[in-house]
Each structure stands twice: as structure tokens, then as C-alpha cells.
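Protein chains: 2
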Amino acid sequence: MNKILVIGAGRSASSLIKYLLDKSEKEDLQVRVADISIENAQKLIGNHTNGKAILLDIFDEKARKDEIKNSDIVISMLPARFHMKVVKDCLKFGKNLVTASYISEELKELDKEVKAKGLVFMNEIGLDPGIDHMSAMQVIDRIKDKGGKMILFESFTGGLVAPESDDNLWNYKFTWNPRNVVVAGQGGVAKFIQEGRYKYIPYQKLFRRTEFLEIEDYGRFEALANRDSLKYREIYGLNDILTLYRGTIRKVGFSRAWNVFVQLGMTDDSYVMEGSENMSYRDFTNSFLSYNPYDSVELKFRHCLKIDHDDIIWDKLLELDLFSADKKVGLKDATPAQILQKILMDSWTLEEDDKDMIVMYHKFGYELDGKKKQIESNMVVIGDDQTYTAMAKTVGLPVAIATLKILKGEIKTPGVQLPITKEVYEPILKELEDYGINFKEKEVEYLGYNPFNLGA
Amino acid sequence: MNKILVIGAGRSASSLIKYLLDKSEKEDLQVRVADISIENAQKLIGNHTNGKAILLDIFDEKARKDEIKNSDIVISMLPARFHMKVVKDCLKFGKNLVTASYISEELKELDKEVKAKGLVFMNEIGLDPGIDHMSAMQVIDRIKDKGGKMILFESFTGGLVAPESDDNLWNYKFTWNPRNVVVAGQGGVAKFIQEGRYKYIPYQKLFRRTEFLEIEDYGRFEALANRDSLKYREIYGLNDILTLYRGTIRKVGFSRAWNVFVQLGMTDDSYVMEGSENMSYRDFTNSFLSYNPYDSVELKFRHCLKIDHDDIIWDKLLELDLFSADKKVGLKDATPAQILQKILMDSWTLEEDDKDMIVMYHKFGYELDGKKKQIESNMVVIGDDQTYTAMAKTVGLPVAIATLKILKGEIKTPGVQLPITKEVYEPILKELEDYGINFKEKEVEYLGYNPFNLGA
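First to last, the sequence lines map onto chains G and P. The opening residue of the first sequence carries number 1 in this note's numbering; numbering runs sequentially from there. The opening residue of the second sequence carries number 1 in this note's numbering; numbering runs sequentially from there.
There may be inaccurate statements among the hints.
All copies of an identical chain are treated as equivalent in the list; a pair is satisfied when it fits inside any one copy or across any two copies.
As the list claims (entries may be wrong) - Cross-link-like lysine to any residue pairs, in silico, SDA-like; alpha carbons within 25 Å at most:
no.	residue 1	residue 2
1	K342	Q204
2	K108	E211
3	K306	N259
4	K251	D228
5	K69	D57
6	K327	E211
It should be emphasised that the hints constitute simulated quantities derived from the structure, not laboratory data.
Could you put the whole structure together from the sequences, leaning on the hints where they help?
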């Protein structure tokens, strides 16, 4: 029996483990799921005879090394900062490794050693990073193979609520780590290139510089720029490309309303507010407004942010009870971001029957035989339920498929890898289609941002 | 002869050194001025027989220790981050020390040792910090001595251009380190308390939350909040105060226009712009605006920031040549803040005959015998020329006066000190009056922010 060790049985591991257990009979697998909580591991395995739940604290050197030594291949679904312990053991004991996380500088430096040992360390093979890499490279390689020259690449991903569960004014619920949503965009300036011009958007303008996307059957979405689009020039081999832009998808109107929190300073995670525990939501809101005993918090808020009384933003804010004097924060020594997260979780937590949705959208502009052309492709995945969410499927299934293919020697190029070569993306994208994860592609007229070639 | 060692002969040392040399005959002083540039030191000493210029690299351990050992008292006018080397030598060789910088955590920890050796390490005795401490504590102590209870303290300082040299639309020129002006407000949220309510202003709103000040003969000014006003509760013994606010003074309209740079991201010092060296000022500006080959940079700018064609902000921007396609940045691998600084220095550098001006304004609200009262006081100092600037006078003279008084044993309380006790502020404020540095004080009606005691 081939022993697959899955370390970390969090929310993103459900579909991954199900896939492996479903294949375990035919492929002769034992799926060993190790987690700091044995219940987490047990829950995802159920009563499957080929699954085994293991209590593992990854800081317990001996236990960790023993488990890794005893396995045929390792999947690390740990938070990214904990990967290196597993990486080093895999290198030592000669085990292949799969993760859905970005390749760190520290990991990149091990490439030579990994290659020398003939090992495959496959990373960035979840959703984003993961399916975005594979689906983009498939089209880019096809264009290049035909002799085309890439001139534009834009790519957008969003974790959203499914249309059937979309019942609040923000058209948004937390389908993943709420904290990441609250502090999104704060890591540094958003950089990209459009028609050969470098563009920079600071945090305070990020949510006002959206662009629109249309997806058949799903309507209109908006996208806001990710932090560093420019690094994808090197990764995707697009060094001379004129336009390169990556972004995050929301339903239309989300960003304009979210900008209110940004402008007031409610998303700040860098300091603790005085007396946060006993604050009402109204007190919290009032902390960011001028002192004035005569005017209401509501009017001060509207005036500060220039919100008209009939602006839908106002209804969105009321929906969150942002002005409630009764609801209490109840968090000691909390930052504004932590308090905002708490307020949002009252309204944006998924109900038991709610489903999530993943949307991905690519635009490829290229020149072929002197003509400019454009391909657009999109993927929409809806979750089955609150365990087998769209997020868990799109993150976990590529990891699981890759793991089995590495185990069987079908993916074998050694080194610290990401899924940008045909050997990897062709079979994985093909198999993902069996699970309803597929792209709709169409040729459209090339538009770009400067169709008539005017000087800007 | 008493040897006074002045380390650092930068712009803020001129008036300090002049004061000491002027007193040197009568007080039997030798003023030893040590700098990494012997020319700097020489220039400030001139031909004075009691002055001596010394070439000193403070990283040269032996030379530094020899100079300090050989002196009777030390003044460090080095950038704050270099003080500790001098501090440790002074402690070792038993020399008193004076600086105009904030007391660092590292320095604070030495308080016991300094006391044990009976030494005076006087800090924060320049302008801000310095004259602000002294002039505030003088009034606060007087109010408390009369049995009054402090309920409000607001304090504002600004380094500006003198009215006779105020000839641009911004009513501003760089009279001090331009870099500090460009990145001002970025260190963290502005915190203060008003009528018992904590208030927080994030960077993106800082320049839109100004308040006004009137100063007789000088007209109207505006003030924006400093980073952390709350720490002054402890320093000034104002623990139960309802309103505590410290701010920076500008001429009216400056902040509203400056906010344009903040919103666009032009003040960001955290990343390097691609191709900065060959950019025109217009390219720089365009980097922060949406790509569009049809619209002018001007119209995109106005639209993005909602600036009407007849708004004075527009004229201010044109005055800076922000849209010039001819003027080049010429700085390699520069951050937005560095480029903006370069653009501003074209327009805001003092001409040879220009003079600077320091403005300080305090408001003290208190209750005495059941009545609410208010005292306001202000100081305006104008520079003599480009050497003996208002900044050099207000920073350097308190340092110089304190040094002489410590040397003569008139200020003698040992420890790591700041000038908040009568022993220190009374004689120094009195002597500063001889140099035209004095406060105009008046009783006004108490206003506060909630005169009718309404609930907010």
C-alpha cells in the first residue's frame, strides 16, 4: 500500500482527502491524515478503511520525522509559515512533497538539493495560486505554439457567495479567512503595467479603481488590483508584455462601499483602541469622526464621507448595524480591523445551507499574423455544502490529483516546482473537468486599452 | 576654562554655538565644536578665540571617547539614532549631557545609573520637543498652584516661512528637513481625546480634519493632528483631562491641497518606481492615474480627485509644474516620496533673502472655583537670516542656556530629564525673552467642544 501523508486537516483539506479516499481502493492507497486536532482528521476520514487519523504536533520533532519517514509522499496543508519543517524532513528522508502555498525564498534556495535527490516538490497547486497558473499557461503556451505574441494578460479570481445564497446588500459573505478580507490590500502598493505604462495604486485609492467583468449566466462583477502583478512577467515568460494585471473579483458595488471603511481607518490593524471591550458599534464608528455633541453620528458620518441620503452605500452600512448603540464589541484590546471583522461576521457568516462560489476570469491579448486577437476564459465553481465548498474543491482537488500523479511517476520532473509546464497542467486540468472545474473559452475582438494606438 | 563639547554642527547648531561663544569671555568657556565636516564646525565658530573646530567621526571610538573625557559638559546635536554612543561615554566618564531629542526607551533605562552618578542628562530641550514642554508646564503648574483643575490642553507648532518671504500659493517653503515634511503623518494613526472621547484619524483622512487658529497680527492658520497626543497625559500629569490634542501648524489651505498627494500615493516611501530616472514630472503624475490614451493627464487627475476647474488647488498644482513634460525627475530607483520631494524643492526652497518663522499656540482649559476658564498663549519667532533661522534659534538657544546653567550648577536635579520642572523652565523661559522668544498670553472665554454639556 502507498502511504500518503496529509499534514493539516483544516477547511481546505476536505475535498482533497475525499478524492484520495475515493481512489484508495483502485490505487492501493493508505491516506494518513495528521492534525493537531484528532477530531478534525477523524471527521474528514469518516469510517473509511483506507484512512487513518493521526494526532500530530508538527513541533514534536520525533513524531513528525517518524510520520514523514514512514510515508511514500507528503502533502502539507499547513499554514505557509510552518512548511519548512516538513520540507526539510522530506528532503532528508527522500520523500516527494505537494503544497498549495507560494514558494518562499527559503524553499527556492533548496531547488538544487531537491533536484540532486531526484525529488519533486510541487507547490502553488491549489486555486490561486494553482488553477490560475495552469489555466493561464495552457492558453499562453497554445498561443505561443501557434506563433502568436502575447501583448495582454489579465487574470482575476474571487471567493464569493453562490447566487442562491446571495441575500445581503453587499452580495458578499465570508467564505474563507475573514481577517484576510478585512486587511486585503494593505501589504503594499498595487503595481501593474497597462499598454507599456507602469501604474501604481495606493491603498487609499484601491477600492475606487475597479474595472468590470461580465460572465455569462452570472452577470456583472468588479475587480480590484492585486498587490504585485509585475512578478508574473518572469513566472509566465511574458517579459515584453504591454499589459499585465491581476485582480480580485467582487460583485459590483462592494468596493465602493468597502472604501468607506478604508477611508475612516476601520481596517487598520496596527494599533489597539482604548476601551474596545465595552464599546458599542456606534462608539466604534464615532471614534473615527470629529467630536461634536450636537450632531448625530449618522450625519457626521455622511458628511465626512459625502454619502447622499439616497445612496445605496447607506443601506449597506445600516444592514451591518454600524450605528447600533446596543450591540457591543466585547473584544479586549482590539484593533480597528479586529472590531470591524467582528461586526461583519454578524452579517456575513454563511448560514448552514449557504453555498460558496469561486470565479476566475482570464483575458489573453495576442498578435498573430499581423492581427490582434483576444481570448477570454472563465471558470465558475459552486460549493456542494459547507464541507465540500467551492474553495475546498478548487484548492484541494489539484493538490490531490498532482499527488497521485507524482506517486505514480506521471509527473516526475524533479526540483522545487510550480504547475506551469505541460507535463503538469495538461493532465490535471483534464481531470479537474470530471469534477465540474472547467473553463469556458471564447474568442472576442481585441480591445486592449488603446485600440487606435493613440499616444497617451 | 570650562570646556563645552558640541557634537554635530548642522543647521540647528548655529544659534547655540553663537550663544556660547558670546558668553565665553564672561563665563570662561572653551566651545569645542566637533563634526564629521571640519568646515561645518569652522563656519559656525568663525575666528572666535574661544572656539575650536574639531574633525570627529563619532564611529571612531577612541577619538570620541578622548574628546568626551576631555570636556566638562557635552551637547549632542547628532541625529537621534546616534545619541547612544555619546550617552554611554558621558555616563562612563561622568559628564553631564544635553540634547534636543526625544528620550528613547534605551536612554530611559539608564535613569538609575545616571542618578547614581549624580549626572544631569537633559533632553527634549529644543523647540518641539522643548519650548513646547516648558511653556505648557509653566501655565499648567500656575493653574494647578491656584487650585485649578485642567480640563483641556491643546498645543500646536509649525515651522513656516515668514510673512515677508511668503510668496507662493501654498504659503509654504521648506525651512527644515524636506523629507520629514513629505512623509509627515505616516508613522501611525493620529490619536487624541476630546471631551472624554478617544478619536483616531488615519493617514488618508489626516489632512482633511484640520482646525483653525487665529494669531493676532499673523492671521489665520490651520492645524492637523500629530501622531500620539495621549502620551502627554503622563508627561504633563494630565491623567484625567477631557481634551488633549497636539498638532502641526500650516497656513490655511495647505492641508487640503497636500491631501491630493496623499490620495494619489505620491508620498509613499515604501517602494521604488520603475524607470524613475528618465521620468518627466508628467510621467510621475500619470503613474498614479488610470491608463487612457484619449484623455489628458490633467483631466484624469481632476476627475480622479474631483477638483473643479476654478478650485485654488489646481493653481497650486500648476505652480509646482506637476504636469510638465519637460522637467525630468533624474533620480535613479527613487520612491514616490523622493520624487515628490524633488519636485517640491524646485518650488519650495528658500531664496537667499528668505526668512523662516516658528509659530506655537497653546490652549489651556480649566475649572477654578466652579467656573470654566481658558488661557491661550502663542509665540511667533522670525529668523534673522539663513544661518540664524527661527528654527536654529528656538532649537539651539534653550539647549545652550540649559547647558550653561547645568555647568554652573543652577540646574542640578540628576537623572535622565526633560524640562518640565520649575527649576528648569522658569530661568530658561525668562532668559529666552531676551532673545525675542516669548509668549503672548490672554484669558478668553472657555469654549471647549461641548459648552452646553450635551450628550454626544
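What hints, given by number in increasing order, does this structure fail? The structure conflicts with hints 2 and 6, although it agrees with all the remaining ones.
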